[in-house]
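There are 2 protein chains.
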Amino acid sequence: MNIILLSGGSGKRLWPLSNDIRSKQFIKIFRKEDGTYGSMVQRVYDQIRRAVPEATVTIATSKTQVSAIRNQLGEDVNICVEPCRRDTFPAIALAGAYLCDVKGVSEEEPAVVCPVDPYVDETYFSEIARLGALLADDVNLALIGIEPTYPSEKYGYIIPETQEKISAVQAFKEKPDQDLARSYIEKGALWNGGVFAFKLGYLRAKTQEQTGYKSYGDLLSGYSALTKISFDYAVTEKEEHIQVMRFKGKWKDLGTWNTLTEAMDDQVVGQALYDQTCENLHVINELNVPIVCMGLKNAVVAASAEGILVSDKEQSSYIKPYVDQIDQQIMFAEKSWGSFRVIDVEEGSMTIKITLNPGHGMNYHSHEHRDEVWTVIAGRGKTIVDGMEQPVQPGDVITIEAGCRHTIIAETELRVVEVQLGQEISVHDKKKYRLDS
Amino acid sequence: MNIILLSGGSGKRLWPLSNDIRSKQFIKIFRKEDGTYGSMVQRVYDQIRRAVPEATVTIATSKTQVSAIRNQLGEDVNICVEPCRRDTFPAIALAGAYLCDVKGVSEEEPAVVCPVDPYVDETYFSEIARLGALLADDVNLALIGIEPTYPSEKYGYIIPETQEKISAVQAFKEKPDQDLARSYIEKGALWNGGVFAFKLGYLRAKTQEQTGYKSYGDLLSGYSALTKISFDYAVTEKEEHIQVMRFKGKWKDLGTWNTLTEAMDDQVVGQALYDQTCENLHVINELNVPIVCMGLKNAVVAASAEGILVSDKEQSSYIKPYVDQIDQQIMFAEKSWGSFRVIDVEEGSMTIKITLNPGHGMNYHSHEHRDEVWTVIAGRGKTIVDGMEQPVQPGDVITIEAGCRHTIIAETELRVVEVQLGQEISVHDKKKYRLDS
Chain A
1 MNIILLSGGS GKRLWPLSND IRSKQFIKIF RKEDGTYGSM VQRVYDQIRR
51 AVPEATVTIA TSKTQVSAIR NQLGEDVNIC VEPCRRDTFP AIALAGAYLC
101 DVKGVSEEEP AVVCPVDPYV DETYFSEIAR LGALLADDVN LALIGIEPTY
151 PSEKYGYIIP ETQEKISAVQ AFKEKPDQDL ARSYIEKGAL WNGGVFAFKL
201 GYLRAKTQEQ TGYKSYGDLL SGYSALTKIS FDYAVTEKEE HIQVMRFKGK
251 WKDLGTWNTL TEAMDDQVVG QALYDQTCEN LHVINELNVP IVCMGLKNAV
301 VAASAEGILV SDKEQSSYIK PYVDQIDQQI MFAEKSWGSF RVIDVEEGSM
351 TIKITLNPGH GMNYHSHEHR DEVWTVIAGR GKTIVDGMEQ PVQPGDVITI
401 EAGCRHTIIA ETELRVVEVQ LGQEISVHDK KKYRLDS
Chain B
1 MNIILLSGGS GKRLWPLSND IRSKQFIKIF RKEDGTYGSM VQRVYDQIRR
51 AVPEATVTIA TSKTQVSAIR NQLGEDVNIC VEPCRRDTFP AIALAGAYLC
101 DVKGVSEEEP AVVCPVDPYV DETYFSEIAR LGALLADDVN LALIGIEPTY
151 PSEKYGYIIP ETQEKISAVQ AFKEKPDQDL ARSYIEKGAL WNGGVFAFKL
201 GYLRAKTQEQ TGYKSYGDLL SGYSALTKIS FDYAVTEKEE HIQVMRFKGK
251 WKDLGTWNTL TEAMDDQVVG QALYDQTCEN LHVINELNVP IVCMGLKNAV
301 VAASAEGILV SDKEQSSYIK PYVDQIDQQI MFAEKSWGSF RVIDVEEGSM
351 TIKITLNPGH GMNYHSHEHR DEVWTVIAGR GKTIVDGMEQ PVQPGDVITI
401 EAGCRHTIIA ETELRVVEVQ LGQEISVHDK KKYRLDS
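If you read the protein sequences in the order shown, they are chains A and B. Under the working numbering, the residue at position 118 of the first sequence is numbered 118, and the numbers go up by one with no gaps. Under the working numbering, the residue at position 195 of the second sequence is numbered 195, and the numbers go up by one with no gaps.
One chain only, chain A, in its complex shape (with noise of 0.2 Å):
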């Protein structure tokens, strides 16, 4: 069995807590047994281990998500690399054939392709395993269908032939509007999940049919020119040799600060204190400050590195016309290595907080426009600058001019303060060199 997750884009309207580089996925809002507190990629992968422990899965996502994965999710986590966004048929089609032709995977495998961030209940993910056994001579395709909560415009609709757990597709309808949707539900209409699942073979055959390319290389080079186009559109729409399953259940798309804090564990995350008349507030609050409410009803506090919300629930799903005018560099990000947190920006100097994981290093390289100032806050480690080793500690302070080859690699984890300074100071400005050991 192969699960392959899309883990999406980034997305504007979780601002501050996802931005360009970090996916609403990353945020870590849920409380996990030891009370700390994990993303929605950590749950959803987590989930998926319990559920259908002998399924293989695979993330397929852009190379911007990469380290962030690999930080949530560990090393040893499958990824497939988009090397640009392409839209989900071409991600789709790139992963089905990195199973085949790097993992050796057979085309009579069945793989069910899932968004990576369905906020369910682990027996989701024991009914998304079964659509593999609906593969068959004639069924090419087969798919997850909501029972609807209530009559929503976000949701494609599927209209079921017959109200059977396993039914044909009559039809398939675009977002409607509330009225519409009301009268596809009556009659028994389920949403759209976003889940596919196929045998690779077939997935091969129409990658072929609409790319020209067949094998994993081909489409990795070819790729940047491929059409933007759904799988929706390229796909399951064409076909006719469909199924749906209906799953009754806990299923949420946590796309809006309203259904995200509707699935929160807690109230508040991070440092906050509320009064009592405060209600229906949630706060999230990934700075080292603490937030004070009161009397705030039906709101969202969100704070991070990036920026502030402050938003009616209801209110908070027109935000990104707002947060498009935000011209800001990235704040903060998660690197495969650790994280770095922007703690100041002058004209001619930015200053950053790295957080180095044990046992790892940044790439070996260097900056044309700016040199850097190093101070070790926390941890021990070694920097290697123009191939000189250095063992460091607390205290110790590192300067490595323009030009200069630098990395710095975790024994323990290793904190530091980073001030660049440069007229010209870019996250562009780096050149990576191969370390030779």
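Hints are computed from structural coordinates only; laboratory data are not their basis. Please note that a few of the clues may not be correct.
Given that identical chains are not distinguished, each listed pair holds provided it fits within a single copy or across any two copies.
[Claimed, not checked] 25 Å max Cα-Cα, derived DSS-like pairs, lysine-lysine:
no., residue 1, residue 2
1, K154, K12
2, K28, K250
3, K382, K432
4, K297, K12
5, K165, K187
6, K320, K297
7, K175, K165
Based on the hints, put chain B in the right spot on chain A.
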């Protein structure tokens, strides 16, 4: 004409913009002609200079505010520093003795005492300057009575004998409930604006009567043992030869977010965006990341390095007990030489950003329990470390071990990232030295 401005204590009711060391009078929210923002103390000081240019202004305040006052009003401002807080009678007694004994002002001269933070027009200060002229053989004390605009429970009331502009006083009334306030107002009562005029000789007599001290030096050395008592209790309410001058005009006490935001010239100070469904919203953002507000009504959002407040305006007057629960170090402070802001706190380290004003320097000092690393990020100046002078510019790194005497002096505005390292980082770990030049 002597005006004594009482710059009162720290308050938490305007948290996070006021805190233990920054009082509300220093928050910059009033738009100045040049488009920048000024504080209440700057606004009042400028208004007095324009309305009563002949007046000598002295600010009576505590040690903790001296730096902020000099930073906001300049080096030339007269300040009478209380060694500790002892309520308004000791503070006024000390300021009076300071004027006579230090500044050589005659005891025959009148002085007008006024809080530093009334939100008024300039005419208010022209009026209070006239109080001095009322003082005569049979008038020892002259007060301002504000014509009430509503039956407030927040103010003391003065019942005048007549409804004339100037009247003798029949009685003083404590803060009443609303019904009582209404009945006072029907009798022509006025709010007590906390303004007193007297001759300096009268104050000296009262001081000696109540404290046993006469001179500035004696008062200063015995200050910490003085009884905490207000000028109203100690003097005003016992005085029989007293007159009140009626003031009708704009007068507001900006003590809570609700009243403060009413006085703001702009709906937003700092980086913020809000949608059209927001109503009666005010935002003050001292952080360098944006705040986005959606669908907020009758709300105030205030963010500083100390924390974030999001409150219904009415409810905002009840924040004190919530803020009292916050046990946090000072994250921002104005000093006589500039300001600093905490940008990162770790176990075993703290990183701050220091801004030194041109021509200013820190005290020459050392720390017993911490090392420091300075990275200059902007400006020019010099450092002195254990007597060794060195010019500094952006990119320069200075490491200062525990025990080292050090200072930095700005030639142009100088900005420095300071990493403090040690297991016992405390503001109290500081030893000052004379810098022999």
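Going down the list of hints, with the structure as the test:
{"no.": "1", "hint": "K154 - K12", "verdict": "within (17 Å within a copy, 45 Å between copies)"}
{"no.": "2", "hint": "K28 - K250", "verdict": "within (20 Å within a copy, 50 Å between copies)"}
{"no.": "3", "hint": "K382 - K432", "verdict": "within (18 Å within a copy, 37 Å between copies)"}
{"no.": "4", "hint": "K297 - K12", "verdict": "both (23 Å within a copy, 23 Å between copies)"}
{"no.": "5", "hint": "K165 - K187", "verdict": "within (15 Å within a copy, 81 Å between copies)"}
{"no.": "6", "hint": "K320 - K297", "verdict": "both (22 Å within a copy, 20 Å between copies)"}
{"no.": "7", "hint": "K175 - K165", "verdict": "within (23 Å within a copy, 72 Å between copies)"}
Every hint from the earlier list agrees with this structure, and none is contradicted.
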